[in-house]
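Protein chains in written order, with the working numbering: chain X, 1 to 427; chain U, 1 to 641.
Just so you know, these hints were derived from the structure itself, not from any lab. Cβ coordinates follow ideal geometry from the N, Cα and C atoms, glycine included. Any given hint might turn out to be false.
[Unchecked claim] Using C-beta positions, here's what the derived DEER-type ranges look like:
| no. | chain 1 | residue 1 | chain 2 | residue 2 | range |
| --- | --- | --- | --- | --- | --- |
| 1 | X | 150 | U | 477 | 32 to 38 Å |
| 2 | U | 108 | X | 260 | 50 to 56 Å |
| 3 | U | 137 | X | 150 | 56 to 62 Å |
| 4 | U | 477 | X | 200 | 54 to 60 Å |
[Stated by the list, open to error] With a straight-line Cα cutoff of 30 Å, these simulated DSSO-like cross-link-like pairs (lysine-lysine) come out:
| no. | chain 1 | residue 1 | chain 2 | residue 2 |
| --- | --- | --- | --- | --- |
| 5 | U | 170 | X | 108 |
| 6 | U | 213 | X | 300 |
| 7 | U | 587 | U | 189 |
[Stated by the list, open to error] Away from chain U, derived, C-beta distances all over 12 Å, residues of chain X:
| no. | residue |
| --- | --- |
| 8 | 71 |
| 9 | 114 |
| 10 | 180 |
| 11 | 219 |
| 12 | 256 |
| 13 | 372 |
Take a look at the letters that make up each chain.
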Amino acid sequence: MAENKPITKNVDWMVVLIYIACLGIGWVNIYAAVYNPEVNMSMFDLSNNAGKQLMWIGTAALLIICILVIDYKFYETFSFIIYAVIVFLLVVVLFAGSNINGSRSWIKFGAFSLQPAEFSKLAISLAISKYLSDPAISLTRKLKDYYPIMGIIALPAFLILLSNETGSMLVFASFAIVLYREGMPGFIPSIGIVTAALLIITLLFVKWYIAGVIIVIAGLAIWLMPVMTRRRGGLWATIIIAFVMIGIVFGVDFFMNNVLQKHQRGRIMVLLDPDSDPRGIGWNVIQSKIAIGSGGFTGKGFLQGTQTKFDFVPEQSTDFIFCTVGEEHGFIGSAVVVVLFVSLIARLVVLAERQRSRFARVYGYCVAGIIFFHFMVNIGMTIGLMPVIGIPLPFFSYGGSSLWSFSILLFVFLKIDAQRPFTLSRG
Amino acid sequence: MLESRRFVIIGFFALVGIIYLLRLFYLQVLDESYSIESSSNSIKRVIEIPFRGQIYDRTGKLIVYNTPVYDLLVTPYKARVDDTLRFCQVLGIERRDFDSLMNAASAYSRVKPSLFLRQLSKEDFASIQDIMVDYSGFEFAKSSLRTYTAPTLANTLGYVSEITKGQLEKQEEPYYRQSDYIGQSGIEKIYENELRGKRGTKFVMQNVSGVYKGPWKGGELDTMAVAGANLYSGIDLEVQQYADSLMVNKVGSVVAIEPKTGQIISMVSAPTYDPNILASRYFSKNYAALARNPYKPLFNRPVMASYRPGSTFKLIQALIGLQEGVITPESGFTHANCPVGCHNHPATGTVALGVMHSCNPYFYNVFRRIIYKNNIQNTFKASAVGLDAWHDAISKFGIGQRLGIDLPSEYKGNLPNKKYYDRFYGEYRWKFSNIYSLSIGEGELLITPLKMANVAAIIANRGYFYTPHVIHGIGDGKKVNPEFLVRHDTGVESHNFDPVIEGMIGAVEGGTARRSRVEGITIAGKTGTSQNKRGDDHSIFIAFAPVENPKIAIAVFVENAGAGGSAAAPIANLIIEKYLTRKITNKALEERMFKADLMSKVILPGQKKPISADSLKKKLISADSMKKKPVVKPITAPKKQ
Ligand SMILES: [Zn+2]
Chain X
1 MAENKPITKN VDWMVVLIYI ACLGIGWVNI YAAVYNPEVN MSMFDLSNNA
51 GKQLMWIGTA ALLIICILVI DYKFYETFSF IIYAVIVFLL VVVLFAGSNI
101 NGSRSWIKFG AFSLQPAEFS KLAISLAISK YLSDPAISLT RKLKDYYPIM
151 GIIALPAFLI LLSNETGSML VFASFAIVLY REGMPGFIPS IGIVTAALLI
201 ITLLFVKWYI AGVIIVIAGL AIWLMPVMTR RRGGLWATII IAFVMIGIVF
251 GVDFFMNNVL QKHQRGRIMV LLDPDSDPRG IGWNVIQSKI AIGSGGFTGK
301 GFLQGTQTKF DFVPEQSTDF IFCTVGEEHG FIGSAVVVVL FVSLIARLVV
351 LAERQRSRFA RVYGYCVAGI IFFHFMVNIG MTIGLMPVIG IPLPFFSYGG
401 SSLWSFSILL FVFLKIDAQR PFTLSRG
Chain U
1 MLESRRFVII GFFALVGIIY LLRLFYLQVL DESYSIESSS NSIKRVIEIP
51 FRGQIYDRTG KLIVYNTPVY DLLVTPYKAR VDDTLRFCQV LGIERRDFDS
101 LMNAASAYSR VKPSLFLRQL SKEDFASIQD IMVDYSGFEF AKSSLRTYTA
151 PTLANTLGYV SEITKGQLEK QEEPYYRQSD YIGQSGIEKI YENELRGKRG
201 TKFVMQNVSG VYKGPWKGGE LDTMAVAGAN LYSGIDLEVQ QYADSLMVNK
251 VGSVVAIEPK TGQIISMVSA PTYDPNILAS RYFSKNYAAL ARNPYKPLFN
301 RPVMASYRPG STFKLIQALI GLQEGVITPE SGFTHANCPV GCHNHPATGT
351 VALGVMHSCN PYFYNVFRRI IYKNNIQNTF KASAVGLDAW HDAISKFGIG
401 QRLGIDLPSE YKGNLPNKKY YDRFYGEYRW KFSNIYSLSI GEGELLITPL
451 KMANVAAIIA NRGYFYTPHV IHGIGDGKKV NPEFLVRHDT GVESHNFDPV
501 IEGMIGAVEG GTARRSRVEG ITIAGKTGTS QNKRGDDHSI FIAFAPVENP
551 KIAIAVFVEN AGAGGSAAAP IANLIIEKYL TRKITNKALE ERMFKADLMS
601 KVILPGQKKP ISADSLKKKL ISADSMKKKP VVKPITAPKK Q
């Protein structure tokens with residue numbers, strides 16, 4: 001392999017095109033979000049977020065070139081070292097970080113600031129992939145094989161929690177997807193989903209009614225159950241499941257009232273009924289829905305948005321960037337963004353499945369899962385389907401840390417994928 | 001097998017995508033409620049800040065109210081000031097102020113209005129309102145200013161100021177925004193949640209140029225602002241100001257309590273300042289001057305300063321001794337074999353005489369009996385057991401703990417127990433001879449003026465007290481904090497107070513405080529002289545009156561003023577007379593106390609002896625010198641352009 005190949009050889013162009021499309025649409029919308037008709041503002045002026053974002057995009061391009069130049073084996077070999085470096089940065093930031101918006105998690109360089117927590121996703125992905133690349137590890141049978149994974153996730157999660165950046169920590173839930181693919185029994189994510197559903201139901205209805213309904217359903221299930229199943233433990237299983245579910249219902253109630261702090265409770269309640277708190281957090285959700293809703297089918301047009309300007313939530317170019325898309329480009333624009341994300345994620349899954357090494361496959365799923373989780377929570381929040389959790393929309397939201405971390409995350413995978421033809425199967 | 005899971009995963013992704021598409025279609029196309037009447041309108045949230053609650057005195061006089069003022073806001077990108085010189089003249093600011101204010105506003109936001117000048121009075125507003133029309137980008141916003149009817153009670157009431165960055169970040173629920181006001185000390189801080197009221201929120205529609213286009217959704221989500229609750233205090237403003245004038249040029253405290261309720265009648269922290277100076281535009285300048293002042297006028301002495309109680313503590317010793325039966329009202333002690341000195345006085349054959357003449361050896365012996373309980377076989381063990389029992393009995397008087405007054409930063413004081421001395425000497429390595437200075441209120445005891453006033457109230461009530469409090473009613477219904485209705489019993493029976501009160505009457509009629517007795521009122525009092533490391537003794541006096549039906553209990557502390565009878569007793573008795581009769585008979589005494597300059601005896605930290613106070617007194621801002629200067633200079637009729 002002494003011959004000189006272009007570094008872009010074998011790179012998956014579909015992903016790159018979607019990536020470029022996202023960056024372009026995102027940047028234009030950041031400009032629209034900060035645009036003010038009465039101030040002469042340039043898209044390229046470094047004093048506004050659009051100009052700054054352009055600079056971040058430029059630096060991201062340099063990073064991508066570096067990633068493509070570096071030998072693909074580097075990422076696997078140095079996984080744990082990269083992990084250690086980022087954990088170290090998380091510790092450093094706890095003591096020496098600058099405080100922005102109440103969370104002590106930023107490192108400042110002049111007017112720009114970086115957030116190491118953003119890079120923890122990359123660190124965990126590499127470390128989990130490296131760990132699972134050992135073919136002896138089985139997630140199907142051995143419980144003890146889960147412990148290192150829990151440790152890999154828990155360490156940065158704990159550090160991020162200390163720096164008060166809960167949003168970034170929740171993203172780690174996305175690793176459930178890759179663990180499921182690698183053999184985690186299906187009932188574990190099912191329990192997670194059922195618990196979440198019960199949580200929402202508990203908040204909406206009186207808990208005694210829910211308990212009643214669960215008992216009735218369990219009774220019906222037992223009654224309709226084939227006799228054989230009932231004898232083979234189906235009876236007890238159903239009763240136990242019903243009791244656990246009732247336990248969750250009452251547990252959630254207790255948790256909401258006694259464990260959560262008032263503002264956290266507020267965030268969840270607002271999800272269910274934004275009008276319950278139109279002055280506080282609910283206002284963000286109301287504003288966001290008005291902005292998107294007022295866009296109509298075709299939108300108000302580029303720079304014509306009125307709702308997303310001025311007295312809007314402070315994060316209009318970061319966490320609420322999707323509102324600008326919805327208002328100025330309507331359903332058409334919003335749908336394009338949703339379709340772009342779903343195609344990107346689906347393509348990543350396809351790429352992951354064609355990998356020959358387990359390391360590459362696991363890493364691919366990690367990337368897909370993380371991008372999906374951000375997409376789901378961020379857009380869900382703006383359309384009132386998810387609680388207000390401050391995490392960015394990948395490639396769209398203003399912010400150097402998130403753009404860099406997603407670009408690195410994505411292109412490391414593309415680089416590994418590009419080398420696939422030369423990789424021997426090991427898994 | 002696991003490979004087929006990819007379909008489950010992709011299916012899940014696609015499902016979320018489809019749900020989101022449907023939701024978007026519903027929001028943007030089907031649901032009409034989110035479309036705004038005119039597409040160029042936007043919805044703005046306007047927050048209305050209500051008036052802060054007012055505070056009243058016990059006679060219904062206003063102490064604190066609000067004056068409407070106007071803030072001048074600027075929206076930097078809209079601001080056009082062609083004629084800066086005239087603009088500055090109109091507002092009475094310097095050119096460099098203009099530049100720095102403008103820069104600060106631009107740094108905050110170019111498109112959002114931010115504060116340019118705060119708190120222009122109504123008159124100033126009226127005089128410049130028309131001129132400001134010439135300058136675009138400037139607008140006025142109504143606001144209000146805390147105003148105090150009298151230049152008194154500064155530390156008790158506290159002050160209100162812009163919320164700090166730290167407070168802004170620490171708030172549990174996002175209630176305050178940048179540049180909002182919040183109570184920072186005193187009553188304003190403790191009752192912040194009651195005083196601030198409820199903010200109103202209005203959702204209004206406006207067009208692109210900010211012109212009002214009516215309420216959004218017919219105002220169905222709007223909420224009205226609710227004014228803050230008024231607070232009713234037990235302060236007697238007339239007596240308070242009288243006490244202030246007696247404490248001029250002195251460093252110390254006055255605390256007067258109504259014994260039957262625990263309401264604070266008067267609370268002086270001297271030296272003081274006019275609270276209006278911290279409610280003005282000059283807040284930072286004035287605050288800095290107060291903070292620099294070596295006499296610490298911001299230090300709320302009645303609840304934060306600590307002193308040794310001196311001889312006033314003998315009252316409690318006598319009560320505990322009587323209650324525990326180690327002495328009787330007829331117990332007598334002489335000066336024989338006593339390590340503490342005394343002065344010349346008639347024989348002290350009863351408790352009343354011991355109190356009246358404040359005999360040190362008398363209380364040395366009382367305390368010795370309390371500690372040993374006539375058990376002197378193992379003096380170390382007996383001392384340990386005795387001291388802890390004594391500690392528990394004294395605690396019931398509120399000594400050595402926070403009373404729970406409705407003021408911030410109340411100091412706990414110090415009441416030593418067995419553990420305390422064990423740390424110095426080791427367990428069973430100390431005995432009565434190590435701790436006897438407690439018997440006369442010296443040694444390791446530390447109390448605050450508030451606590452001693454409360455002790456006076458306990459004696460007046462013959463055994464119980466209510467937690468002293470400034471505010472006894474909240475809101476129109478004058479809601480009472482239930483904690484202030486709990487009667488705290490000291491465990492000393494009523495009849496045991498008789499000899500002690502008799503001695504206190506004697507002290508005022510013919511004992512240590514005889515020079516300040518008041519014709520026609522039976523006052524029971526006790527002087528105290530508190531030793532301290534720096535300079536002369538502090539002068540202390542606690543009293544209550546009238547003895548037959550006590551209406552006021554008082555403690556006066558004057559720093560470095562010598563014996564209790566010389567400064568504290570006359571001041572206390574004048575205040576008692578003022579409160580009970582509204583007039584003063586002994587004008588000569590009054591005049592002498594007004595004029596007494598005892599501040600010059602105070603030795604400041606870092607100094608070896610008092611420095612001539614005149615040079616420093618200038619630094620104390622007198623209320624008059626800070627009378628609000630006109631914010632806006634008189635305007636000579638500006639030429640119309
Ligand atoms: Zn004596």
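Hints versus structure:
no.	hint	result
1	X:150 to U:477: 32 to 38 Å	violated (56 Å)
2	U:108 to X:260: 50 to 56 Å	violated (33 Å)
3	U:137 to X:150: 56 to 62 Å	holds (57 Å)
4	U:477 to X:200: 54 to 60 Å	violated (40 Å)
5	U:170 to X:108	holds (22 Å)
6	U:213 to X:300	holds (19 Å)
7	U:587 to U:189	violated (39 Å)
8	71	holds (29 Å)
9	114	holds (21 Å)
10	180	violated (6 Å)
11	219	holds (30 Å)
12	256	holds (16 Å)
13	372	violated (6 Å)
Of the numbered hints listed earlier, those contradicted by the structure are 1, 2, 4, 7, 10 and 13.
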